[in-house]
Structure formats: structure tokens, C-alpha cells
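Chemist: So the chains spell out like this:
There are 4 protein chains.
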Amino acid sequence: MIRVVVIGAGMVAAHLLTGVERIKRGLEPWGVPLARYRLDKAIEDIEFVGLYDVDVRKVGKSAYDVCKELLGRTVPVPETLKQLRVSMGIHLGSLRGLPVKAQGLEEFGGVAEAIDRLVDEFSGFGADVFVNVITTEPARAFETIDNLERAVESGKVSASQAYAYAVAKYARKRSRRVAFINVIPSPIARDPAFVELYRRSASLVLGDDGATGATPLMADILEHLAERNRRVLSIAQFNIGGNTDFYALTLPERNAMKEETKTSVIEDILGYSVPHFVKPTGYLEPLGDKKFVSMHIPWKTFNGLEDELIVNMRINDSPALAGLLVDLIRIGASLIEKGVYGTCYEVNAFFMKAPGPRGSRNVSRIVAFYKMLDYLRKLEIVQ
Amino acid sequence: MIRVVVIGAGMVAAHLLTGVERIKRGLEPWGVPLARYRLDKAIEDIEFVGLYDVDVRKVGKSAYDVCKELLGRTVPVPETLKQLRVSMGIHLGSLRGLPVKAQGLEEFGGVAEAIDRLVDEFSGFGADVFVNVITTEPARAFETIDNLERAVESGKVSASQAYAYAVAKYARKRSRRVAFINVIPSPIARDPAFVELYRRSASLVLGDDGATGATPLMADILEHLAERNRRVLSIAQFNIGGNTDFYALTLPERNAMKEETKTSVIEDILGYSVPHFVKPTGYLEPLGDKKFVSMHIPWKTFNGLEDELIVNMRINDSPALAGLLVDLIRIGASLIEKGVYGTCYEVNAFFMKAPGPRGSRNVSRIVAFYKMLDYLRKLEIVQ
Amino acid sequence: MIRVVVIGAGMVAAHLLTGVERIKRGLEPWGVPLARYRLDKAIEDIEFVGLYDVDVRKVGKSAYDVCKELLGRTVPVPETLKQLRVSMGIHLGSLRGLPVKAQGLEEFGGVAEAIDRLVDEFSGFGADVFVNVITTEPARAFETIDNLERAVESGKVSASQAYAYAVAKYARKRSRRVAFINVIPSPIARDPAFVELYRRSASLVLGDDGATGATPLMADILEHLAERNRRVLSIAQFNIGGNTDFYALTLPERNAMKEETKTSVIEDILGYSVPHFVKPTGYLEPLGDKKFVSMHIPWKTFNGLEDELIVNMRINDSPALAGLLVDLIRIGASLIEKGVYGTCYEVNAFFMKAPGPRGSRNVSRIVAFYKMLDYLRKLEIVQ
Amino acid sequence: MIRVVVIGAGMVAAHLLTGVERIKRGLEPWGVPLARYRLDKAIEDIEFVGLYDVDVRKVGKSAYDVCKELLGRTVPVPETLKQLRVSMGIHLGSLRGLPVKAQGLEEFGGVAEAIDRLVDEFSGFGADVFVNVITTEPARAFETIDNLERAVESGKVSASQAYAYAVAKYARKRSRRVAFINVIPSPIARDPAFVELYRRSASLVLGDDGATGATPLMADILEHLAERNRRVLSIAQFNIGGNTDFYALTLPERNAMKEETKTSVIEDILGYSVPHFVKPTGYLEPLGDKKFVSMHIPWKTFNGLEDELIVNMRINDSPALAGLLVDLIRIGASLIEKGVYGTCYEVNAFFMKAPGPRGSRNVSRIVAFYKMLDYLRKLEIVQ
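Taken in sequence, the protein lines are chains A, B, C and D. Counting the first sequence from 1 gives a position; the working numbering is that position plus 384. Counting the second sequence from 1 gives a position; the working numbering is that position plus 384. Counting the third sequence from 1 gives a position; the working numbering is that position plus 384. Counting the fourth sequence from 1 gives a position; the working numbering is that position plus 384.
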């Protein structure tokens, strides 16, 4: 059994919760990368024990009700989710500027008290793995545990950082090895402060920013071109969607968080820099969670001529990330059992747009996949 | 120095000849896959010593004149190509149905005599590497050397097979290790008859059907999807162009040659079969050598939802293949020096749509690329 | 009230029947071209009185059951369709080569008897408008009523032609003005024989081949280019889908029927001929009724430079045609009341790929639309 | 003879000048909308007499040198352009924020003096038609001639407005009917102040913002959908390019100028508002003048189902606009001869994204085209 707490009760959480429950009832595990392989932990081992949010319309409701509202017209929502309730989380302005009435635990005391309250709740849940899927927020790395602790005391942390700090505190206090999985752009696995904090309690942080959507495909296409020594001339990648994350990304300081994690991959793979325009481009409510992506890549081929490639996609954003999380939860749980702590580049390199630790090189996803498989096989996590 | 004979003086040959000569004069080697690596043989080591065709308008002309006519409006044609002349090759109906007046050596005696004449000419050239880039032709495998030899005697071979046989005979007669590189769909490297024939003279055949255009990219995209366990529902891949090969492929028996090499990759990579429509779709003269490709791939993602991908490309068909040939020539020459003979799966797996030997599994191109690099590094062909 | 007989109980019929019943119950009439205008006849006036097919699994079933099987997973099927039953129609090989067990009335006597039986049934229904939506079939024009009558006697007519003949006979026998709407490629409205036959009984035939999908959009895009005097260099239009009609169109003699109606538009609009590849390209069962279309159009712009346009679509084939039929039924019923007979170019020019009568010029759809509106306003069919 | 002054010596001007000169020498007039029709004025009647810019690297050079630098690698530049020299124009900050060293006449005295100097120069040229193709600038309408004149006195006008004012002054002073053609977004033809100012001297202003690129095509596609009553759900239109105008449009206040003219068309054609994202999206220098466009339009079709359309284009931005200018110059010259003054909606409606006068409705381009033809035929400008 893997006891999982999900932070952020939005679309990704809704797909993760309903998807896992539906797989337990027989749905094919499409979209779960390693479902074709035999893993140490089965999908059926995943049990959701906690769920946090700060949207006042969600706090106190059952996961069933939240999923029903978000997904009810798209997929059947299993009744088992009636057991799980949305607890109030930490806000810290993480939804500022968004059209949501939010309230966080820190408003009833302060950040330190809110964190202590979370630590108590996590203990009650007996949680092993924490998944962070809150909306993209502005945040910057702390570099050292000292800086981080000072920031926590003065309340100058982002919500993700407060959660990650609370989880580490819980691990230390309960002498429990845990995994914190961060699939949003906030620097956690690439902040030396958090990696060191988790290492000290023999725990693990995986992150940052789950590699779904257009950027992993772009990475593999660039690898394809690089292997033929085609000279990429420019890269345009437009993304537009209608979910909360796209709305949030129309706010410049949140957009900046995303652009960084999306473009670092280009030079890493090609070996040279290329003029590019790669970012979440806009918000169109009717597209909902199924974003539209358009990419344009021209290149010089042999004998000086020019080719070009256009990719258009319609991608369900949240299920793609939820599918990755199913494996990240299973792998995270296995890694802590095997004694891996701090962070784990081999796993991050495949699953994350900005793989920690800091300074790690991006490789194409296909290359990362086989390296990860080798690594997990050596640890006997994958057969 | 690598002494190269090119069979088929069409667009691919024209790009290969002009491109290599231009690189010798300073053009960047874009489109040559391993140009970024340090190889045993330099591009500058390539010397073209022979060129064959059966189009009566080409035979006897200089390579310069042929390239000028085919490419003169697109790229500058180096004067050095005035030294090389088009010799008459073997026809055997390889251009039947195409709007070209053709004449082959076999019309002046018979197939066996034509082959002997070629052997003599090859000896005069002192050739090491042979490149087969004639137009797609109908052909089937012979399985055994006996069958092959009987077919040669009775003249029931395709032009490619006759050339490959002549090259093997030349190798045996001159005790010379040679490489025959087949980048059209005719089964040579995946015909046990030819692999055995070349093995006997310590020579090497590489093939079949150079992996350019849409299919290698499709292979890498399918690998990308497979690694995320996305369930591909169907695959459509349309190709349309205006070069001779597209014209030839409007003839059903030639089209069938191509469809086989294009679709074997699907099940190999996904692990299951998928309804697909993948073939050269039509001929549109104004598109010339720059074909238009359209691909459509829908799939099931996590939680039962459906995504889809559309890829559109404009690709210069012939330069892409010519770029691969630059490396195949260099690698072929090195492999025979290192004592590799028969055929070489590790190299074919990356460069060919239908990699020999028979029964070889297709893997995604990105995976094949790194395996090939490892292999060539062990042999000290790549540093 | 407009009493309608639908011939062919496939996807188009299923969408027409369920769509109209759902609109009666409040569904917005999207996809019905003139729903924004005030017409003489309301959508609610349409009453379906007869439904014909030759598929033995359908004959005798209720329209509800047939629609449920074809569309049940996509849309709710109204219970009112339980009143309508599928009658056995005329086969005449119209499904030959398709994976369907078919049986027609003519197998119980002969073509002439079958036609008489239909005339009796039509009389029983008191039908006004007939809609022909059977699968694309091979057929050629008869030119004169004599030829047509001889062909009927000897049974050498296609199913559509037999139906159209039966409807004309019914009109004559009952002295009733009727409209026959042919939205498949068989030449009816562009066969002088049928136009004359209908004129003689003051009745009307509209056709041929409903203008849905990619070709009408292509026509308007070509008009757009022509108005800017951009020189179109080539046109590629690929279509692939998974419904019965796409399956039928993999059979060459049926495909030829379609190509003709799709390409006549090009020269009519541009004023010059252009190399083109425009046809139903293949069959991919998983795409179902939602076809994938890809178009590529390059052109010369000012100062000798070249632009290009790529269009990709996912289109529900049958609902698009069903939407047109809602208006064709209403307009057809009004036209016969207003005394229009023979055929009606103004209406065909907008609704049909191959507008009758024979020799009519294709104009862009946008131009045809406004001309039709003017025409219908003069007749006070549209306010 | 039509004596033309071109304001702004950038890419559009370069294509206009070289294109017209090349047409005089035999190049086909592709991209000139009415070249297929017989107009009152021939393309050969166009004579360029003046050319203005504020880029210090251009002022004083010949048009030949400027065109050679901008287009020399793409098209041959006729020697006749050596006669025409770039005069210094008015700057007024119109290039502020762009990487160009600029200097304007107003820096040697003031705005009023600069305008007088221009009036003198225009008199020297004996000019009839003025074409404004400077880079997109921020500007707002003045509404009344009083406001406009006060702004001119205090120097608070944009460069385009200063030019338009100078041209009107020239017309009044010389009692000469002239046409001012504004194909950038600044409000001239839709500013009642300028329309009235021109009316008073029996002159004509045409504008605003030439309808090239993706938006006119989008308009015709929306008309196509509206005529089928398909319910458009959302519209995304991305544009990215590498010319100065795209660079300028990365500056927010210039981008806003463009977005307004691009989106007004949507509601005008559909009759309802639709969530949309339609704007110049980014700057990618390697794309140069050949921009990449991506559009995505989903809609509801009949029976409640959903279709979608994706359009991708590579468009040479400047030649498209230059082609329109050839006709605008010819039509403008004829209109003033026929006594049309103020502005001319019938012509603007086809040629302009934001057709003046203020409050004019956008119609689809195809509809506008035929209405304009009728109008010009009545005036005997087109036969």
C-alpha cells in the first residue's frame, strides 16, 4: 500500500484520483508510462489518504463532489472517492490574480503554525508520498537551508515551498522516509536547499515540472534532427488552452516560470542555441483542458536546402500529467524503500521538464527513458 | 581515399555528388548525421570514380551536365564534376512504365555479358564502395545463392540485383573487400542470398531502403508515444511529391515495394498492430523533389480520453538521402577495413527503413542511433 | 407538414432522423445553413414517413433501433423514432463488394415489379420529398428518357436511378408534385433524362453529391486566392475516414465517381487548370465517421515569391450532410409549391458538389450562397 | 501616368518598387488582385516619384541600393530604381524602441516646418497618390479637424498623421486632388478628422491597415462556417515572423494597434461574439519576411457534434501587401478622377482590415470583392 497525499484539488488531481480508481475497476492503464512493465508496486497499491486545496468552494467537500464537478461530463466518477475529503491547505497568495476565492490555514495563525498543523495531519494520514499539483506560482530557489528557514519564519515562501517544508518536517519528526513529487515549475528538486533538507531525513524530492504536452515531444523531435545533423533555424511553439493553469499563465510572472523550464531543453539537445518562441501563448476558455499546440521548425538539410516541419496537437493536459504521476508515485515509494534520498536525476530526467538537481543536463526523452529503465532495473524496481 | 561508384544518375546522385564537392569547398555538412563526430574517414576522403544510368539522355554526359540540368536552378554545381562521365548500366526493365527512353548493356549481348562488362569497368575504377540509388523497382528476394545464380543466368533479376551480383563478382575476382550500399526498397541486405554471397568474399552489403522522410520521424514519434503507454488508435501518413520516384510509385507494383518497408516499423515499436494507411499517396509534378507529408495519429491517453497529433512537412527528398549516403560510404569503407562482412544490423538499424538481415526488428531511430554509436566506437570507427 | 421518405438507412439518415427529432425537442439547429433565416417551412414541419435499406440486418427494424446502433454512443436517440420502420428497398448491386449481406425487392420479381411496389408504398406514405443517401455506387447518365426507360426494363440501372425513376412514376401516377434530393455522386440532377422526366410531372430533382467536407471549403479558399490573383501551383487534398462510404471508395469504380465531382470545381473557380490530387484517399476504421482531411496549396504571390497553405480538419462527415438535408427538404418542399420544376441550379450551386443541370459552372460557395438567398427571397421562400 | 510617393522605405516599399518595375519588364502580375480585369489605369502607368524614410542608413541612398540590400538575395532588382532617392521624412518617435538610428525633418525646426517642407517637396514631385507603409506605430483618432490641427501645432501627432496632414495641405495649396493610401493600423480613414479634411480638398483617403496575411483568409473561412450555421466555439490565430513589423509588434502599445484591426471582423461576420486569441504573437528573426501562421477553429455541427479546423501558412508578408498596393494606387488615381472624395467604403471593405469610415461593418472578403467590382464597374473604373 502506498499512502498518498495530493496537494491541489484541480484538474490534474481529479484525473489522478478518478483514473486510479477506474484502473482498479478494470480501465486499461493507457497513459501510465511503465504500465507495460512489471514494477515493484502495482497501480492498485495506490491509496489516496489526503487532499488539500485553498479554494473555499472546494474545502470540506468530498473528492467525489470535486471530481464530479470538474470531470462529470467527461468520465464516470467512482463512488469510492466519497471517502476522501478536501482539507484546507496553505495559500500564501498562490492563487492571487485568479478568479477564485481562496483561504489558507496561515490566515488563522501564521505560516509556522499552518505548517505544524499540516505536519499533524500528515501524521494522522500516515502518508508516504506527496504529490504537488497546485497552480503555477511565482517562486525562486533558496539555495541553503538557512535561507529557507528564515523565509519560512517570515512567511516569505510560496505555497509549494511551504508544503515541501512541511513534508520534510513531518518526515523528520516521525522518522519516516517520504517522497515529495513536484510537477509544477517551482524550484524544489532543483533548489539545493530542499534537496539537502530531504537528504537529512533520508527522504526524496522528485521534480520539477512534469514533462507533458508539447515540450517532451519537441525534445524528441530535436533529438531526431540532431542525429541527422540538420541545422535547426528557429523554433516556434504555441500553446493555448482553457484550464486554470493557462489562465494563470496569462499573468506575466507565472508565465516566466514556465518559459524557463520549457526552453532549457533546446540548447542541451542541439548543442547550439537557436532563436525560439516557446511558451504558453494564451487562454481560450472553450478549449478547456484540451489544449491546442502548434510548432514550427525549419532547418537546413544536406546541400544547403531548407526543409520544414509543422506539428499540431490537441492534448488533454491534465490526464497526461496524471498518468505520469501514477508512475512517479510508484517509483517514489520504491526508491525510498531502496534507500535513495535527496533527489534522483535518472527518474527526473524522463519525467520532468526541469529535472533536478540544479545544473542537470536535459537529454531527449527517449534517451532518458532507457537510462531510467536501466537504473530502475538495477535497483530491482522494474523487472 | 574511398573510391565510390554511384549507380543511378538521378536526383539523389546529383545531390550526393554536388553536396560532397561543395563540402570539400567549405559548405557546412548539414544533413550528414555523424558530421559532428570524429570519424575514421573524412568526407573529403570520398572520391567518385564511376556513375551509371540507363536513360539515353544521360549516358555519355558528364556528371556536371547531369547535375546542372537536375539542380542548376537550386544550387551551384562544382566544375570538378566535369571529370566524371555517366556510363551505361543495366536496365532490365527498371524504368518500365516511366516516361524515359532507356537502354541497358544487356541489350548488347545478355545479362551475363553485361555483368562481366561491369566487373571489368569496376576493376578499372579500382572501386571500394558502391551506392545503389536507381528508381524504385519491383523485386523479390532469392533466398539462396543457387536461386540467385539461376535467375542471373536466365536474366530474371531486377537491375539492383544484377548490379549487386556484379559487385560481388568483382570483389571475388579481384580479391577485394567492397561495400554495396542499397538505399532503395529492393531486398538485398534482407535477402539471405546476397548476404551470404558477400560474406563469401569478405565483403559487405548495407540496406535496404534509406530511412529518410516521414517514416523515421514517425518511428521516433511512435517510440515517444509507446514510452508513455499511449494507445495509438490509427495512423495515416500521406506523401506526395513530384520527383521520378513519386511518379514510379503511382505504378501499383512499385508502390507495394515501398509500403512494406514503411509499415513494418509500426508493430515493431508499439508492440501491437494498429490500423494504418502509410504510403506514397500521389504524384504532383509542381512539388518537385520537395514532397509534402501529412500524418495523423490519434491515441487514448490516461483516464480514457483521446488526444491527437498532426504532422505536416515539406521535405527535400533527395538531399536527405544523399546526406545519409555520405556517412554510409564512410562507415562502409571503415567496416570492410575492420573486417566486418555479410551485412551489419547495427548500422542498417539506424540508416534503413527495412534493415537487413531478414527478420531484424525495427527499433525507434533514436534508440538505433545510440546503439550504432556504441558499436562504431568499439570498432574505433567513431572516436 | 412535409412528408419525407429517406432512402438508405446509414449514418447520414441516422443523423438526419435523430437530429431533426432532437431539434423538435429543443436542440440548437447548428449545421442547418438557413436556420438563422426565416423560411417558409420550419424544421418542425419535417415528418419522416418512410425509410428504405437493403441491409438484411436493418430491414424490418425500427429507425430507433438502427439509430441506436449507429449513434447510440454519441448522441441520445429520441423514442419517437420507434414509430418508423425500415422497408426493403432496391439493391441492384449497390452494395456489391461491401461487407454487408444485402437483399433487394427486385430479387422477388424483377426491377419493374420492384418499382411498382415502391410506387404503391410511396402512395401509402403520401410522401412529398425523397432523400437519397445510399452508399456511393457506380452509375452513368442516360441522357434521354428513352435510354432510361430501356435500361429500367432490362434492369440495367443503378439503385439510385431506380429509386429516382420510381419517385417520378409515383408523381405522375398520383398527379403529385414531388422533390427528389440526390446527395450522392450518381448523375441524377445532371442527367438530362431525369431532369426532363421530372419536368414532365411538374416535379423537381435537386443534386448531385452534397457539398460537405473539404471540397466546399477548398472552393472558397480557391476563390479567396483567385480574388488576389495568386497563381495556384498545385493542390493536394487527402481524405481518410472509417465510415461505409470511405470503405466503398476504396473500390476503384466508386472512387472514380467521387473524384469527378470533387475536382470540377478547381478550373471553374481559378480560370486555369492546376495539377491536383484530390480524392478520398483511404479507409481507416478507427476514425469512424469523423474523417481526417489534409490539404496543401502552394502559390506564386507578388514579385515572384512563393507562399503555401496547409489545412487540416477533423470533420463529422454524416452530420454535415444531414444538416444540409434539413434545408434541402424545406427548400425542396417550398420550390414545388411555388411551381419550380425540372431542377434548380440556384439551389444546387450552393448545396451540391456537382450541381445540376449538366454543364453548370461551379462557383465558389460564398458567391453561390448569396445568389441562392436572393433567388429564394424573390420566391418568398426566405424572408 | 500616376505619380506616386511612397512613405517608408522598408520591405513593403522594396517589393512594391521592384515588383512594379519587374512587371513593366514582363513579370506576371501575380498577387495583384485585379490584374485579371481590365482597369482604367494600367500597372505600367505607375511611376514612383518620391520615397521617404527616417532611418539614417537609408536617407540619401538610391531606391536601388535600398532594395538591393533588402531583397537582393531573393529577387533581381531593376536598375531603373537608381533614379529614385530616399528623402528624409518625419520621425516623431515612429521608430522608438526599434534598433534603428532614426532622424526626422522635425529635428531641424519643428513639426510645422517639417510639414511645410514636405508640401514643397510634394509639389516638386507633382504627386497624385501617396502610399503610407511605415512601421506600425501607436496612434489614436482626433475626431475633429480642430483637434487635429491643435495636435499638429504642438507636435503631438504620429508620423502617419503628420504625413497625411502634409498631403492634405499639399492638395489644398496646389488645388490638386490626391489620394492618400494608409495600409498600416493608424486611424486615418476611420478618423472623421482626416476624412473631413480630405473631403474639403476633394481628395481621398483609403485605409486602414491593408488586409493581407491570415486575417482576410480567416474572414472568408468564418463566412464559410456562418453560411452553414456552424457554431464557432473559439478562434486562435498565431502569427510569427522576422521582419521589422513583427519586431515592432513585440512592443505592447504597437501590438494593441494590430489586435484591434484583426478581431473586429469576427463578430461582424458571425453575428455573435466568440472567445478568441488573434494577434501577432512573436518575433523570430530567421523567419524573415515569410511569416508562419497557425489558426485553430473548432465548431459545433449538426446533431451536437464537434468538428475542428487547423490552418497553417507560410506567407511572404510584404509582397502580399505590395500586390494590393498596385491596385490601390490604380483605383485611388481613378477614383479622384471620377470625383470620389473623403473616403470610399466599397474599396476599403475589400482591401483593408479596418475599413473606413468609422463604424463600417466588416464583411467577408469574398462578399466585399464582388460588391467592389460592381461599384468600380458602375464608375467605369473596371470594365
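Treat the hints with care, since some could be wrong.
No copy labels: a pair is met if it fits in one copy or bridges any two.
List time: in silico SDA-like cross-link candidates among lysine to any residue, alpha-carbon distance up to 25 angstroms [to be verified]:
no., residue 1, residue 2
1, K425, G655
2, K755, G726
3, K663, G743
4, K684, I427
5, K722, V459
6, K684, P460
7, K755, A610
Hints in this document: simulated from the structure, not taken from any laboratory. Just so we're clear, the structure is a prediction, and the values are computed from it rather than from any experiment.
Chemist: Which of the listed hints are not met by the structure?
Modeler: Of the numbered hints given earlier, the structure breaks just one, which is hint 5.
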